[in-house]
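Trainee: Starting from the given sequences, assemble the full structure and let the hints guide the process.
Going down the list, the protein sequences come from chains A and B. Counted the way this note's numbering counts, the first sequence spans residues 1 to 505. Counted the way this note's numbering counts, the second sequence spans residues 1001 to 1346.
Read the hints as simulated data drawn from the structure, not as lab findings. Just so we're clear, the structure is a prediction, and the values are computed from it rather than from any experiment. Treat the hints with care, since some could be wrong.
Stated by the list, open to error - Incomplete in silico selection of chain B near chain A, CB under 7 Å:
(1) Ser1195
(2) Tyr1201
(3) Ala1202
(4) Ser1205
(5) Asn1206
(6) Leu1212
(7) Ile1213
(8) Gly1214
(9) Gly1272
(10) Ser1273
(11) Arg1326
Claimed, not checked - Which residues of chain A face chain B? A few of them, derived with a C-beta cut under 7 Å, are:
(12) Phe101
(13) Asp103
(14) Ser113
Where is the CB? At the ideal position from N, CA and C, for every residue including glycine.
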Amino acid sequence: MNSAAGAEPTQPPMLEIRAIGKRFDATQALDDVSLSLRAGEIHALLGENGAGKSTLIKILTGVHQPDRGQILLDGQPIVMRSAAEAQRLGIAAIYQEPLLFPDLNVAENIFISHGDRGAFVDWRRLYREAEAILAELGVALDVRSPARGLTLAAQQTVEIAKAISMNVRVLIMDEPTASLSAHEAEGLFKLVRDLARQQVAILFVSHRMEEVFELADRVTVFRDGRHISTRPRAEATPQGAIADMVGRELAGLTAFASAARKELLLSVANLGRQGVFEGVSFDLHRGEVLGFAGLIGAGRTDVGLALFGIEPATSGTITLAGEPIVVRSPREGMARGIAYVSEDRRQLGLILPMSIFANITLPMLRRYLDRFGLIRRSEERRTADAFRTRLSIRAPSVDLEVAKLSGGNQQKVMLSKWLNTRPAILILDEPTRGVDVGSKAEVHAIIAELAAEGIGVIVISSDLPEVLALSDRVLVMREGRQMAILERAEANQESVMTAAMGARQ
Amino acid sequence: MNWLQRRVRPEQIRELSLMAIIVVAVVLFGSLIDNYYSFRTFNRIASSVAIITVLGVGQTLVVLTRNIDLSVGSIVGFTAYFVGTLIAHHPAINPALAVGLCVLLGAALGIVNGLLVAFGRVPAVVVTLGTLAIYRGVLVDLSHSKTVTADSLPQWLLDLPLINVVPFGSLDIRALFVLALAIVVVFHLGVGYLSFARQFYAVGSNPEAAHLIGLPIKRLVMLSFIISGALAGLGGFMFLARFGNITVEAGRGLELSVVAAVVVGGVNVFGGSGTIVGAMLGAILIGTLEQSLYRLGISEFWLSAVLGLLILLAVASDAIILDRLRALWARTELKLITDSKPARPS
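Mentor: And the structure:
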């Protein structure tokens, strides 16, 4: 049912990338990656979070420049220094969130990148040509209405029309169906197939296995910035693709001994937040580490935010130590003995220009007041020093600004801050993101220690080996729903990723 | 979608209701003030509206790009004073040259704003608040607080505001008002039909997308400040012609009236939407209020308070009413022609 041209192996590629490398600070986002796209081919790209898909898209659209390697269009090497240049060459991208101008109308949005339409706007011609392109797509849309208020599907259609008006040859689609209904997605697939029939090469990035195997002529898998495999669809299977995505070695990460006790701490039933996530149910025992796994955007963080009261749940029940509770604000969360360590250390977690001790005592400042209501600095320092020793925060003094610490040590300050609230439940969101290997092991040891002390820990992490090493059980989410709770014995990279991708076993 | 929704956009509803408010205001003041419906009242209001309108057009372009120009009042004072002094010393100067000098001087001051905002990456509020004070400070210092007096100016300049361009029944439509109307027409057509001028809307509407498709954002922001400065320079000339006596205080506080006119006129403070005609309607309302409240003997401090209240009301109505209207209008569902299933309700 797809274009036959895509399967012709003899056809030379329209776009070819050769041995592309790209590094951001300490992370090698892309390492020696090669890939080719043929005219009329729908080429799916799969990979976990951080596999390098986004970086590749940004390089192909001229937003980033590669450190190494070559990009060839029709066999000719090309260099794209800006998104505008990529568009002129006929390479366009459509993102999950379309980039339209809400105040301009549909026709203007379609032709916004055209610098060659004369000094004056010929509105009649503009509308006529916009209508012609939309008609070609088989879509009826009022070209005079502003882009504001269009449904997401309509906005993506406008983006496609925009690409066609630029004589698109290579179209990159970055999770275009993530926010569409099934019906809208079907409409989009039809457009994609039509484009492929017109010899446009399409790179289709998606986390949805079923649509990948419905649409794609070839399936490529990336992992950790490397190209792992490219297979024609006939030879590819969802299970094989998942194995390629996760087939990473568990280097140096040994599973911690379980400290879970029988005592039930927290019981969550059918928790949901309107339009964000729903139907999340789990138990957390004292001393247990519960891992939250899933792809970015699966709703894991949202569950954490709901439990702590930052974005309260709108349905379901939370029972803490046998007592049903409602958490409407972080203040209430803290009062109930819940602590949430944010994934965004810089924006939500720490006040960088302030000292280590001031950061640690901030949520519990009342405890440090003397009878005149003034802060007892010596007490603050004593607390901070205790944490510095306990978590081995590497700083000469607790008076040091947090901004001057390394990522790992900042993370330890964050942990200290929330441990100082003496929580019964500790929610850690991406506790080791951007942290070096040594500090990562230390943070893991601290988490195991805290669990051993009887704290119930929830670890939200995109780092699958980390989740597997730390957790007693793993809760897997996908698109705002709970897919599975896996016991330690049954949780491995394949089983977790299979649930996270929604593929059938 | 009914016929009303097809013909009228939410933004136009806003302009229509503004016209209604202007009518209500005029009727209200007419009942409160003796002899309100007179040529004198009309001319006073018209000359006040003319200056706010010209400044409002420039301000509109700046606000469209998600910026603001608070320095316009100081630019008016600056150009009115210095060009006024020049004319007083050289009464034989060519009138066109005098106008040109005002515009150039204003544009030069606008370039300073534009450079700092577009290339210095300083927020426009901070930059133009700074230049508001600096331009005024330079004016006070260089002028030694002397005054340009009407009797030192040539007769053609003093007669200019009295020239009756279009006798409209027994009403006068005078030169300054005609000039303002001409500016409105030129810029209204300009932002409607010039390809590059549409980009002012694009830049304010979605800066990230504008960057991604390679629009010249910095140049557009720069240009909006230059135009705002140039029009403020022209406003300075109008100010000089209207009042004749120019102190170092000239045009002080005008930025409040202008920002109020633009915001009340429906130009979104977050950029991207608004029309030149809307800004003119806003200027008409503000000018009418200013002159009428003055006639009622209400102090200028209360007047400022009223302007401030109007700004807040306009922004609030933008957020509440306009969004609702837009939601009501935005029922344009994507329908595939080949689609047999009914469209989902949105």
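Trainee: Hint by hint, say whether it matches the structure.
Mentor: Quick rundown of the hints versus the structure:
no. : hint    : result
1   : Ser1195 : holds (6 Å)
2   : Tyr1201 : holds (6 Å)
3   : Ala1202 : holds (5 Å)
4   : Ser1205 : holds (4 Å)
5   : Asn1206 : holds (5 Å)
6   : Leu1212 : holds (5 Å)
7   : Ile1213 : holds (5 Å)
8   : Gly1214 : holds (3 Å)
9   : Gly1272 : holds (4 Å)
10  : Ser1273 : holds (4 Å)
11  : Arg1326 : holds (6 Å)
12  : Phe101  : holds (4 Å)
13  : Asp103  : holds (4 Å)
14  : Ser113  : holds (5 Å)
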